[in-house]
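Participant: Top to bottom, those sequences are chains Z and C.
In terms of my numbering, the first sequence opens at residue 35 and continues consecutively.
In terms of my numbering, the second sequence opens at residue 9 and continues consecutively.
Please note that a few of the clues may not be correct.
Simulated DEER-style distance windows between Cβ atoms [what the hints assert, rightly or not]: (1) Z:Ala95 - C:Ala258: 41 to 51 Å; (2) Z:Pro608 - C:Val55: 31 to 41 Å; (3) C:Asn220 - Z:Pro112: 21 to 31 Å.
Think of the hints as simulated: they come from the structure by calculation, not from any bench.
Where a beta carbon is used, it is the ideal one built from N, C-alpha and C, also for glycine.
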Amino acid sequence: MGVGLAEARENLMEATAYDDIQPIHPEPTSFWRRYVFSMDHKVIAKQFLWAGLLFLLVGGALAMMIRWQWAYPGRAVPLIGSIFLRGQGGAIGPATYMTVFTMHGLIMIFFAITPILIGAFGNYCIPLMIGARDMAFPFLNMASFWTFAISLVLVICSFFGQLGAAGAGWTTYPPLSTNIGTPGSGQTFMVAAIFVTGVSTIMGGINYVTTVIRHRAPGMTWMRMPLTVWGLWLTAVLNVLFVPVLGSAALLLFLDRVFGTQFFIAGAASVRGGGDPILFQHLFWIFGHPEVYILILPAWGIVNDLLSFFARKPANWYRGSVYAMCTVTVMSAIVYGHHMFMTGMNPMLGQSFMLLTLIISVPAEILFLNWLRTIWNGSIRTEPPMLFALGMVFVFGMGGLTGLYLGATATDIYLHDTMFVVGHFHLTMAAASFFGSLAAIYHWFPKMFGRKMNPRLSKLHFWWTIVFMTLLFTGQLIAGYAGQNRRLYNPYEYDFLKHLLPLNRYTSWSAFILMAGQFVFVWNFIHSLVAGEKAEANPWQVGTLEWTIPSPPPHHNYDVIPAVLRGPHEFANPEVREKLGRDWIGQSEELAGSEPGAAAAVARA
Amino acid sequence: MTLPPLAAPLQGHGWGMPHDASLDGWRIDELINVTSVFVIILFFIMVAWMLTAVFRHGRSHTAKYDHGDTRRSIAVALGIAVAIFFVVDGHLFINSVLVWQRIFGNFAWAEAQPQAVRIEVNAHQWAWAIRYAGPDGKFGTPDDIVTLNDVVVPQGAPVIFQVASVDVIHSFNIPNMRMKIDAVPGMVNRVWFTPKETGQFDIGCAQHCGANHYKMRGVLTVLPPADFARWYRDASANSARAWDPDDKDAQWAWDWQKHARI
Numbered sequence: 035m036g037v038g039l040a041e042a043r044e045n046l047m048e049a050t051a052y053d054d055i056q057p058i059h060p061e062p063t064s065f066w067r068r069y070v071f072s073m074d075h076k077v078i079a080k081q082f083l084w085a086g087l088l089f090l091l092v093g094g095a096l097a098m099m100i101r102w103q104w105a106y107p108g109r110a111v112p113l114i115g116s117i118f119l120r121g122q123g124g125a126i127g128p129a130t131y132m133t134v135f136t137m138h139g140l141i142m143i144f145f146a147i148t149p150i151l152i153g154a155f156g157n158y159c160i161p162l163m164i165g166a167r168d169m170a171f172p173f174l175n176m177a178s179f180w181t182f183a184i185s186l187v188l189v190i191c192s193f194f195g196q197l198g199a200a201g202a203g204w205t206t207y208p209p210l211s212t213n214i215g216t217p218g219s220g221q222t223f224m225v226a227a228i229f230v231t232g233v234s235t236i237m238g239g240i241n242y243v244t245t246v247i248r249h250r251a252p253g254m255t256w257m258r259m260p261l262t263v264w265g266l267w268l269t270a271v272l273n274v275l276f277v278p279v280l281g282s283a284a285l286l287l288f289l290d291r292v293f294g295t296q297f298f299i300a301g302a303a304s305v306r307g308g309g310d311p312i313l314f315q316h317l318f319w320i321f322g323h324p325e326v327y328i329l330i331l332p333a334w335g336i337v338n339d340l341l342s343f344f345a346r347k348p349a350n351w352y353r354g355s356v357y358a359m360c361t362v363t364v365m366s367a368i369v370y371g372h373h374m375f376m377t378g379m380n381p382m383l384g385q386s387f388m389l390l391t392l393i394i395s396v397p398a399e400i401l402f403l404n405w406l407r408t409i410w411n412g413s414i415r416t417e418p419p420m421l422f423a424l425g426m427v428f429v430f431g432m433g434g435l436t437g438l439y440l441g442a443t444a445t446d447i448y449l450h451d452t453m454f455v456v457g458h459f460h461l462t463m464a465a466a467s468f469f470g471s472l473a474a475i476y477h478w479f480p481k482m483f484g485r486k487m488n489p490r491l492s493k494l495h496f497w498w499t500i501v502f503m504t505l506l507f508t509g510q511l512i513a514g515y516a517g518q519n520r521r522l523y524n525p526y527e528y529d530f531l532k533h534l535l536p537l538n539r540y541t542s543w544s545a546f547i548l549m550a551g552q553f554v555f556v557w558n559f560i561h562s563l564v565a566g567e568k569a570e571a572n573p574w575q576v577g578t579l580e581w582t583i584p585s586p587p588p589h590h591n592y593d594v595i596p597a598v599l600r601g602p603h604e605f606a607n608p609e610v611r612e613k614l615g616r617d618w619i620g621q622s623e624e625l626a627g628s629e630p631g632a633a634a635a636v637a638r639a
Numbered sequence: 009m010t011l012p013p014l015a016a017p018l019q020g021h022g023w024g025m026p027h028d029a030s031l032d033g034w035r036i037d038e039l040i041n042v043t044s045v046f047v048i049i050l051f052f053i054m055v056a057w058m059l060t061a062v063f064r065h066g067r068s069h070t071a072k073y074d075h076g077d078t079r080r081s082i083a084v085a086l087g088i089a090v091a092i093f094f095v096v097d098g099h100l101f102i103n104s105v106l107v108w109q110r111i112f113g114n115f116a117w118a119e120a121q122p123q124a125v126r127i128e129v130n131a132h133q134w135a136w137a138i139r140y141a142g143p144d145g146k147f148g149t150p151d152d153i154v155t156l157n158d159v160v161v162p163q164g165a166p167v168i169f170q171v172a173s174v175d176v177i178h179s180f181n182i183p184n185m186r187m188k189i190d191a192v193p194g195m196v197n198r199v200w201f202t203p204k205e206t207g208q209f210d211i212g213c214a215q216h217c218g219a220n221h222y223k224m225r226g227v228l229t230v231l232p233p234a235d236f237a238r239w240y241r242d243a244s245a246n247s248a249r250a251w252d253p254d255d256k257d258a259q260w261a262w263d264w265q266k267h268a269r270i
């Protein structure tokens, strides 16, 4: 940056004084404005959190039904069956079964993990961690949540659709997802729900992108941002770029279903040439592969920060992690072809996608090495957020390694569409983002609600979850390696899979026990909310900005917008230890006698 | 049809991959197994590293003030990442490319073999319609052999499938032959393999295709070449006798696509 440009920038910063673009608004007093149609990012974050946790429970219950069917095919489902499947004698039929796994996938991805990681922690962490008073567009933020709420209504409608809920798989491949394969209104509702939730996500994405660019506190340079914010920001960039692609695919599919167009219909049902089913797969995976990074980037950022916070040691090669996450973001859309190796793709194209897929593992490895080296030589505090962060590293490591086989065109021939794929993407997308979400919940709960969660129950929850989740998804990997195709109502129709019943039953019991363990969390969460120990401003003794203000923060977050002096991971600094007698220092905390002029450089006029 | 009595399709056993009955399936198996060795080594290093860090560098250990951004530290990180990339990913990449060029994508070689068997598969909810050209070598003629869910092939000869679908996307999958290809409406896909062993094997659908996806099962029967020739002759004669020119639905077929897209 030339001198002239730097000067111009400084002048601009002075001209748009931080208080001018972010004035303190009075706190709304009416119930509706405060808790329902709120424009406060912290309230919207909690709304997303509640919605996400609720639907996480629904998605989990659906998963239990899938597992039940594989352990005890055709037998009446306990509890759930007698309530929801009375017409079928409590058992899951083949047509119901396909709606169960379809709704499980769609709910978990779009209506559980997305609202928790992006909706809740994106909203909560971004303004607080960059020292802003709110999002750049508070009204858009509110609109984003209530648009999301409309999509939740559509999801619920889908369950009551004639011929049952959506059943074409979460990937919604046409022609199966058109009236040829799934003529009921349940599928139409779900396609509409995906479109509407996409609108909500784009609104949120634009808001996050703008907020991080425009509302960083003075001195909060890009390279001083917590990695949590980096992860959430890159996710928002991907959302803004690629959710519109999903939206267009969903819209065309909606037209095919409702208005009789034939964008994606070919074969016997097409008239005058018809359309192209493979076109949908291209559109879907141009979104779909970035989507797996959309779900994991926030978790990467959060976990990277937490590993440093609880190892009481600076994050290893901060810039390397930032560059790695940026590289993954840029490459995320050009590797998607590995989902389509079996569609009759030209082998040359397949090889190109394989090479790109393998290359994207390099930045992921850099990031992973940074995590491992962050905890090395630290002073590790095994608090619940740290346990979940370590758990995330473990499951993501397994997920990343099992991805190798699926990225290569030769090994994918055998493993494509088997339970091995299911195990792999559950480890990366489900287990890793689940652990990331829980790490975030345990870490920011005191800030969000002003109370602490019970550490004993939190640790019990961790060990319960890590053990049974590992058993569960390893069981899926083994079943896939043995050849079990995914989405089979009854795998034992095939002779070569008959012997897998004991394995599947064993895996299912891991799932049931895993699910039961989540009620420890539900109890801990709700009990701590009302009766937890009051949290001080900075219970974890870390230096990011949100811990300098009371728990929970006031409506406008910061009375005075802080001036940031250093990065988020200043732990174990000998100078700080000597002067302040502690192993951490806040991002905006002045250390007498050091960094001369630093405060003056960022101080506002 | 005079099918010699055979055992039921091969039952799986253990938790490993199903029995490999094809000539080239071992190439996939070996690639999976070698990669697994790398993966398991990396996994144990990761676990050992994490456990050591957590147990040795706990609360009583003083954290080291280290941002890990020295030139040397960065070089180590890049070195490890690049080494893993070239060894593990490189091995996988090169072998995948070679095996596709030499075997799985080498239709020119398979088509050139005089004993090659050509089969058209037209998938629909929820069955596989199978068609052989018959003695005249032309698809869509009265001597075509047409079966449902029943594929008979000779041992030791390349078998080339052209696969399409009438309604939704299916995926033609024979795990024992390490073979899979999507059946997509509106296009013809190709796949080939050489059966090494006689016997009966499951054909499955790998792509979710509706409520009865799980029942879309076919059977592959591999016969000794002489038995196959006898079956082929008899089946064709039967088909010619049963041919009904008015039954247009039964007359699906396409010209064999010598130079299909892939």
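Participant: It remains to establish, for every hint, whether it holds in the given structure.
Facilitator: To see whether the hints hold, each was checked on the structure:
Separation of Ala95 (chain Z) from Ala258 (chain C) is about 46 Å and conforms to the stated range, judged on CB atoms against 41 to 51 Å. One distance hint, 31 to 41 Å for the beta-carbon pair Pro608 (chain Z) and Val55 (chain C), holds here, with the actual separation near 32 Å. In this structure the supplied range 21 to 31 Å holds for Asn220 (chain C) paired with Pro112 (chain Z), their Cβ-Cβ distance being about 26 Å.
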